[in-house]
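J.: The chain contents come next:
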Amino acid sequence: MLTPLVVDFPFEWNYIRSIIYVSLYVSLTAVALSTLFSLPIALFVGFKDFRGKTLVTSIINTGMGFPSVVVGLVVLFAVSNQGPLGSFDLVFTTEAMIMSQFVLAAPVITGVSLAAVSSVEQNVRDAAYAMGGTKLDVAFVTIKEARYGIATAVLAGFGRAISEVGSVLIVGGNIASSDGTSVTRTITTAIQLEARQGRFETAMLLGAVLVVLVLLVNAIVVRLGSDDGGYR
Amino acid sequence: MTLEAIDVRHAYGDETVFDGVSLSVDPGEVVAIIGPSGVGKSTLLRLLALFDAPDGGEITYDDTPIWQLSEKRRLEYRRRVGMVFQEASLFDASVRRNAEYGLRVRQSWTDRLRHEVADLVGKSNGTGQALEALETVGLREQATQDAASLSGGEAQRVAFARALAYDPEVLLLDEPTSDLDPRNTAMIEDAVMEARDRDIGIVIATHDMHQAERIADRVGVLLGNEIIELGATERVFDDPNDERTRKFIDGELIY
Ligand SMILES: Nc1ncnc2c1ncn2[C@@H]1O[C@H](COP(=O)(O)OP(=O)(O)O)[C@@H](O)[C@H]1O
Ligand SMILES: [Mg+2]
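Chain order of the listed sequences is A and B. Under the working numbering, the first residue of the first sequence is numbered 1, with each subsequent residue one higher. Under the working numbering, the first residue of the second sequence is numbered 1, with each subsequent residue one higher.
None of these hints come from the bench; they were simulated from the model.
Residues from chain B shown here face chain A by an in silico Cβ test under 8 Å; the list is partial: (1) Phe-51; (2) Met-83; (3) Val-105.
Just so it is clear, the structure is predicted and the values come from calculations on it, not from any experiment. Every residue, glycine too, gets a C-beta built ideally from N, C-alpha and C.
All chains, full assembly: derive it from the sequences and hints.
T.: This is the structure:
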């Protein structure tokens, strides 16, 4: 009589810890890759005139609000047997999840970074060049001047990645292994499963973790927004 | 060590700013370019700073035509030149980091990374040359302050110091004092004189005739779209060749 109660005890720490770990691993990796990809694009779009610039800008803006299920669908197709990446065997893997969150986060990080770097004055960029800086040096100066805005961009991208359900559910499959730890189960996909199966305590706990993560990120964004000091 | 514009022309789109302009600067001399606002003083300085290629004519340094060189070789020449703009345009960092910037970009990437880390952990106490340059403009004490906390005059003095810090052979000053009060103006002018005594060649664009008279060895008058007069300061002011020069100096030419 007691056994089911123990098994059903809501807080199975290994299970919960592994879910949080998978979530953070996938989202942090996706955001790191998106940032490396997005910053050069933001600098290029912000300071170079080229044909199709308005097109690129509207792609970025559209991408910022793109539905995550659709992204998941496209990535799932890409890694499936019929898709171009089919030979890599990526269906229901964290790699596929990183790919889809990369696609979701990159437009956000690019868009917000673009606004940040565009607000760096040409005067300041000219000064770096005048002191013997190369174009690469000018790019670094621009990133440094826009550092708070760029940090905000990265955090916004992380916020989008960590809290989305659609794409990780589709490409990851919400899998837990037989020993009861997460393989591709994230906080969000676990919440929907646990809630559907009536295990509200677990769902609530994971929900609380997610809210704390998102609040933390927001607090950092607000802090950065009010910080106007340069470092010594 | 002569920087020279030879018969240069520059246009923005179809709009020719000037044509057939020649000007040179030798070590240890101050050349002032005077002329009304919008005549092309900044444009000419940008050409001399090797920022932009002229649309016609030649910019030479030690008789080497700069724009026939590869970008890499051109950088070597560009790094012998410094420029100060009308706005201070300081980086959002400390005064010291601003003053050190020119020295940093000349270092290897590993050295730069080392300094960057030392700065982040607060272990860097600054480069001697940068602090000396700050001393020249009377701001050594402010080295650890945020650049954003400086007054306009102080900021411009830092802008001057950071161009001086890496020991350029030529300094191009684009109306460096036009937004400043007399005291800060005098400090910048003193620093210019000190730079000249260190054998730096200086070209200063100004619309302040008196400033040109105070500090320049030679004066060029940019008017219309050419240099209508170029010569020793005293001669240009006392006995101009061109009637328009006299009118401009006397303030009769209003633009
Ligand atoms: N980047 C630019 N694009 C187009 N026109 C410019 C640009 N910079 C300057 N001009 C024009 O070129 C002329 C000369 O400008 P400038 O060199 O700044 O004159 P000054 O420094 O003597 O006031 C002005 O008519 C100005 O409007
Ligand atoms: Mg000007």
